[in-house]
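The whole structure should be built from the sequences, with the hints applied where relevant.
In the order they appear, the protein sequences are chains C and F.
If you read the first sequence in our numbering, its first letter stands for residue 1, the second for the next number, and so on.
If you read the second sequence in our numbering, its first letter stands for residue 1, the second for the next number, and so on.
Since the hints were made in silico from the structure, they are not lab data.
Possibly wrong hints are sitting among the right ones.
[To be verified] Chain C residues, not near chain F, derived (Cβ > 10 Å throughout):
no. : residue
1   : N15
2   : F79
3   : L89
4   : G135
5   : S159
6   : I164
7   : E167
8   : A172
9   : P189
[As the list claims (entries may be wrong)] In silico BS3-like pairs for lysine-lysine, Cα to Cα no more than 30 Å straight-line:
no. : chain 1 : residue 1 : chain 2 : residue 2
10  : C       : K277      : C       : K192
11  : C       : K281      : C       : K102
12  : C       : K105      : C       : K192
13  : F       : K27       : C       : K105
14  : F       : K17       : C       : K102
15  : C       : K105      : F       : K124
16  : C       : K281      : F       : K124
C-beta: ideal position from N, C-alpha, C; glycine also.
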Amino acid sequence: MRTTSMSRKIFLVCNGLLMGAIALIAFMPLLNVFAQSLSSAKAIEGGHVFFWPVQFTMISYDYVIHNHTIWRAFAITIFLAVFGTAFNLLATSSLAYPLSRKEYKGATFILLLVLLTMIFQAPLIPNYLWLKQLGLLNTLWVLVLPGAISAFNFFVTRSFFQQIPPELIDSARIDGCGEQRILWNIVLPLSKPVLATMGLFYAVGHWNSYMAAIFYINNRALYPLQVKVQEIISNANIMTDASLLIDMNNITPDGIKMAVVVVSSLPIIIMYPFLQKYFVKGLMIGSIKS
Amino acid sequence: MALTGTQSQTMTKANTKEVSILRYIWKMRTLYWMSVPGILYFLVFKYIPLGGSVIAFQDYNIFKGFWGSEWVGLDNYVKMVQYDEFLPILKNTLMIAGFDLLFAFPAPIIIALLLNEVRSMMYKRVLQTVVYMPHFLSWVIISGIALALLSQEHGLINHGLAALGLDRLFFLGEEQYVKGVIVGAGLWRDTGWGTIIYLAAITGINPDLYEAAEMDGANRWRQTTAITLPALLPTITILFLMQIGHFLDFGFERVFVFLNSLNQASGDTLDTYIYRVGLLQQQYSYTTAIGLFKSLVGLILLLLGNTLSKKATGEGLF
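This is the structure we're talking about:
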């Protein structure tokens, strides 16, 4: 039996406390933002808000809810997260499936082609000029097509497909299934875990996507959520939108900014506990294979 | 596709081989058809722009286009080196990357080792859940959180400083702090997430090793230095090489969201500079040259690191 010495006990307690402190450092900022978003202007400006709302009010959320440009950005991002992700999964698995099969001669060359894109990436400007030439600038396509397949996700998906027993595929072929039916009716249903993981990676990517929109979209009507949020956060003077019937004396830019931060990150934070294990699993499959 | 006997007899050996490959591909055509869109994707969206990088050696003119523009050799690089703005921006980039390597690289290793020592499974789970979470927030959201925390009059951190009797600092408005904010935000967002791989590697270590070490009288610290760390070395090496290959690529967003007119001189990095001067001011060739320079530095560092680590530890990416 293992005996626990005094010094070890002290270490365990201190370590537990230290880890708790680190977890608090990770968590407290979120709580502070949340508290500010629910506090009155006077409490925020007086510096009284820490981890709990002071003079509770929903006025900042009123502002956000009545701001239709925020809702439009929200709708665009939800659209991208749903259809963009479906497209990502379709594109990734229809390349990963053939390349996972032994019958595919010349796979090494194509795998190398994909691998090299992880090391060599074109600089911003050639990308921009090419997408311009393709006529994709200022369309929502530019947020979907250039990122259709992530090389990392492709490799993880392919290695998962490889673990499916070839006998299963052979017997399906004997039963008269074509390759498309095999992928659709046999391989994909067996691959739900990896599809869920990859889908989540892609969906969070779409939800957080900011850079591509900044680079390739000028049309304000097409701005996704993060661009809109950044606009609000970095703009000190957001009160000009006076069409809103809100008592402007009780509202402060900081409260509004925090409400926007909360609203736009809420979907991820709510989903997070359910998704965590998938992400972790996906990262581990990826790391073991690479 | 069927060939008659006389036809195939007149063919040379090489030709027969070619035909049999084509015949094989024809037999497997659905499999190959399925992969065509994906291959086209990589060619169209990854390789063509990569080829387009040659405008770094041109005086690219948007009206004359790629084929009509004049070739200028290394002129854009001469311009880059001579340009007054370039060196400070390179210095900013190197400093942030250097601090990242110094703090953000070892942090997950240390936290993973300490998390591994937590005995209560429940507590460990809770800790993990909380420290992984910031990774899922976008940089925009993180800049919003930083704004709340670092605000001069009512930010949490300045409250703390004031309570300790120190001066309040204008974190996002003064040049000297912006690099710290960028590095700190990176630490806050990704340290927990970085522990996942190390924890997985620790879990994979054979428990017999620890038992044997305990028999020999090794305490927990000795076990860590003699068993856990050596077992983690391959993982550490690979992640180190991957990070060093992207040394100057710590991201556009991460920096851009923290920049404002007050702190720009100290926070501007190659990525944000390329965006501002290249895209907004349309200096296409010059900034593509900088972009290629950045990739080249990454490639050299990767090869160098790989060679050194193979010599030192026998581990490498390739």
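Hints, verified against the model:
A beta-carbon of chain F is positioned within 10 Å of the beta-carbon of C:N15; the least distance is around 5 Å. At roughly 17 Å, the least C-beta separation between C:F79 and chain F is larger than 10 Å, which holds for a residue marked as non-interface. Once the 10 Å rule is applied to beta carbons, C:L89 is consistent with being away from chain F; the minimum gap is 12 Å. Look at C:G135: its CB is around 13 Å from the nearest CB on chain F, clear of 10 Å, so calling it non-interface holds up.
Residue placement check: C:S159 keeps its beta carbon more than 10 Å from all beta carbons of chain F (closest about 16 Å). Listed as outside the interface, C:I164 is consistent with that label: its C-beta sits roughly 15 Å from the nearest C-beta of chain F, beyond the 10 Å cut-off. With a least CB separation of 17 Å from chain F, C:E167 remains clear of the 10 Å interface cut-off, as annotated. Chain F leaves C:A172 outside its interface by the beta-carbon criterion, the shortest separation being 13 Å against a cut-off of 10 Å.
With a least CB separation of 17 Å from chain F, C:P189 remains clear of the 10 Å interface cut-off, as annotated. For the proposed pair C:K277 and C:K192, the alpha carbon gap of about 14 Å is at most 30 Å, so the pair holds. Of the supplied pair hints, the one linking C:K281 and C:K102 holds, its CA atoms being roughly 26 Å apart against a limit of 30 Å. For the suggested pair C:K105 and C:K192, the alpha carbons sit about 27 Å apart, so the restraint of at most 30 Å is met.
Distance hint between F:K27 and C:K105 is fulfilled; the C-alpha atoms sit about 12 Å from each other, no more than 30 Å. Taking the CA atoms of F:K17 and C:K102, the gap is near 20 Å; set against the 30 Å cutoff, the hint holds. For the hint linking C:K105 to F:K124, the alpha-carbon distance of about 47 Å lies beyond 30 Å, and the restraint is violated. Distance check on the hinted pair: C:K281 and F:K124 sit about 17 Å apart at the alpha-carbon level, within 30 Å; holds.
Checked against the numbered hints above, the structure breaks hints 1 and 15 and satisfies the rest.
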